[in-house]
Each structure stands twice: as structure tokens, then as C-alpha cells.
Amino acid sequence: MQEVERFRSRYAVSGDAALLAAELEALGTDYSANGYTTLTQADDIGDWLSLDEDDVLLDVGAGCGWPGLYLARRHGCAVISLDPVSEGMPTLKQRALADGCGKQAWPVIGVAEAIPLRPRSIDAIVHADVLC
Amino acid sequence: MAFHTIQPTPGLDPNQRRRANRAGPYAVAMTSTYEKLLVNAGFREVEARDDTAEYRATQARWVNATRHHEAAMRAVMGDAMFEDRLTARTRTLDAVDAGLLSRFRYAASR
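So the protein sequences, as listed, match chains U and R. Take 1 as the starting number for the first sequence in my numbering and just add one per residue. Take 1 as the starting number for the second sequence in my numbering and just add one per residue.
In isolation and in its complexed conformation, chain R is listed as follows (with noise of 0.2 Å):
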């Protein structure tokens, strides 16, 4: 199995971790780390790869993106939809630049 998720930064204090769960994906939250989850899982030989670098460029990209061509996407998503999705975005953005979200890449084998 391969995957990427975003999640907390590791290392984070209450406050921050708080902080990354609020800006954060719907399901972001943990008590957990996804290794031991993994293990726990049945898995075996878990790698863990930092992405974040890349995923701070790809949300820029969605950013610029979204904005380059806002006109038609309003028109086909409506202005609540765009709206969200891109306030979702900057806001993912920021969390990133503050070091609180990361995206990690998994993968293990049973």
C-alpha cells in the first residue's frame, strides 16, 4: 500500500497542534501516528517520506491556478463553491508556511 495524507506537523505543542487540526483537512486530527498505525494494521516495512516541500508548491500552484481562472470556475462551481475552495486553500497555504500542516507519503507492505 502507498498513500499520502496531509497531518499535523509532527512535533507539535497542544496549541499548535490545535492550530493545524483547525486549518487542516475535515479529518486531519490524530491520536495517532501513522506508522504505528500501519503496524497495527498488519504492515510491515513502513516508509515515511516527507512531501511537504512539494505539497506547499502544489497548493500554490491550485492557488495561482483557482485565481487565474476564477471567471469560469465561478460560473460552472457557483460562488459559495469557489469561495470555500479557495478561502480552503490559503488557508492550508498559511498553515504550511507556519509549520503546522505537513503531507507525508506511507507505504508498507504485508
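Same shape as in the complex, but just chain U (with noise of 0.2 Å):
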């Protein structure tokens, strides 16, 4: 519970154009994330995928949209992120909305360890640091 009143305190600063300046800097993205995937290795794993704009990818822990509202964007597909968290939503909507995403990103809240999805609904799965 800890961790997640930690993670409300960071996105509920997301967006802040400090912050972006430091993850444009560290990760080469503004998409107010601030763990550890790269721009490259974002770009691999969307490689490894084959995201196409068929799929619908799931997008774990997905915080403030990255990377899945950006494998969204450069490949086509459909991304529904998932989070415990609210606070990071709105700035995940907006980025969505300014990608030309907002029909095919859909945020929601929920944990891993009970996906509150139908099975066989996902394609493929991304996340981002979120079992450590």
C-alpha cells in the first residue's frame, strides 16, 4: 500500500515541464515517465511484438501512458493501460488525445493480479519495471 500512495504522489505531479526536461535528458521521451525504458528499447520491444493496427496491446502498470500510448502510436494498434493508480490517467488521456490516439488508448484502473479484461481480449503485453 505503501508503494502505491508513492506512485500517487509522483503522477499526481506528471506533466510538470521540469520533470519532462529531466525525462527528455534521461529516457529521451516526454511522456512523464520516469523509470528506465528508453526510446530504443521502447521501439525494440514494439519490434519483437510485430504491434500491428490489429492488435490490442495491454499495457501494465502503464502510470502516465508510457510506453504503451507510444507503441500505440507508432504502430497503430489499440493499447488499454492499466494501472491501481487514477492519478496518472488525465495525463494519460491528454497525451492520448495530442498523439491522435484517443479512440484506440483505453485507460484502466485495475491490478495485475486481477486483469479486468475477458480472456483472449489481448494480442500482446507490455510492461515496464513493474515486477521489481
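Incorrect hints may appear among the rest.
What the hints assert, rightly or not - Just so you have them, the derived chain R footprint on chain U, three or more residues with Cβ under 8 Å:
1. 9-23
2. 45-57
3. 81-92
4. 114-128
What the hints assert, rightly or not - Every beta carbon over 10 Å from chain R, so not counted as near; a handful from chain U, in silico:
5. Gly100
6. Gly102
7. Lys103
8. Leu131
The set of hints was computed from the structure by calculation and includes no laboratory data. No residue lacks a Cβ here, since even glycine has one placed at the ideal position from N, Cα and C.
If you follow the hints, you should be able to join the two separate chains into one complex; please do so.
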């Protein structure tokens, strides 16, 4: 629970210019990410998953949307952004609209232990430093 | 499925593993391997790639960027959150340099 509260506080300040500037220097991205998956690594994952516009991608622990939103924009797939914390969702929705992915990006509040989706409704899964 | 995760470097002795667990993210400790977990979950063709060098470089960029934007970041995050994050980043950087923490990319299909 303490970890969830930590992420609530972190996501509550997402989108700030200084935080985005630091993220750009560290990751090469501007998705309000604060982890370690770089742009190059996200491209590598998207290529490995062979995503296309017919796919539905599940991004577990999506936070503010990285890397799922980026992969949706790059590959044309739909993305379900799952996270137990809601504070990142406004930033995620705003970015999806800005990227032209508003209709194919679906934020969902939920936990990985009980994903609220029908079986066999997902074509690919991505997550970044969620299991640790 | 494809994902990155930080983990204690494979092959650590018990003392090193304890140090890795203390230095790493909240849930870094593990009693199995990701390869076994993926196989047990029904995935096949499991690939594991050591991306620790890039993790180290990325964390170093985060530390530098955090210091570069310190004043503005403190203003929006508050001193407690700022210092907590900088401390965590430098702690994990030291642990990577000590060979205790690694980051791997796993990819698997079903």
C-alpha cells in the first residue's frame, strides 16, 4: 500500500515542465515517465511484439502511459493502459488525445493480479519495471 | 509479452543478494527466476537479454538530469520527494556498479 501511495504522489505532479525536461535528458521521451525504458528499448519491444493496427496491447502498470501510448502511436494498435493508481490517468488521456490516439487508448484502473478483461481479448502485453 | 525488470544480478551469494534487495526497487527480491516464472505461466520461447549496461547509463542520466533541474524539481515535488528520488537513484547506481543489480529484457510467446 505504501508503494501505491508513493506512485499517487509521483503521478500527481506529472506533466510539469521541469520533470519532462529531466525525462527527455534521461530517456529521450516526454510521456511523464520516470523509469528506465528508453525510446530505443520501447522501439525494440514494439518490433519484437510485431504490433500492428489489428492488435490490442495491454500495458500493465502504465502510469501516465509510457510505453504503451507510444507503441500505439507508432504501430497503430489499440492500447489498454492498466494501473491501480488513477492519478496518472488525466495525463495519459491528455497525451493520447495529443497523439491522435484518443479513440484507441483505453485507460483502466486495476491490478495485475486480477486484470479486469475477458480472456483472449489481448494480443500482446508490455510492462516496464513493474515486477520489481 | 515483452518487459524489462530490475533484479538481483544472477549468481550472487546470500550476502550480496541481501545487499541487492536493500538497494533495489521495492519488490526486487525474488526466490525464483523470471525464466521459470514465465514457463510456469505457460509461456514458451523465453528470451532473456541483459540490458544492465543501458540501465546503468540511463540511471546516470537521470541522476545528472535531476541535479541539473534541481531547483525547479524541488519546487514542484517538494524537498522530501526530490531527495527521496535522488537518493534512490544514486543508491541503485552504486549497486549496479558493485555488480549487485541488473536489468533484463524478457520476451516470451504462448
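In rising order, the numbers of the hints this structure does not comply with
3 and 8
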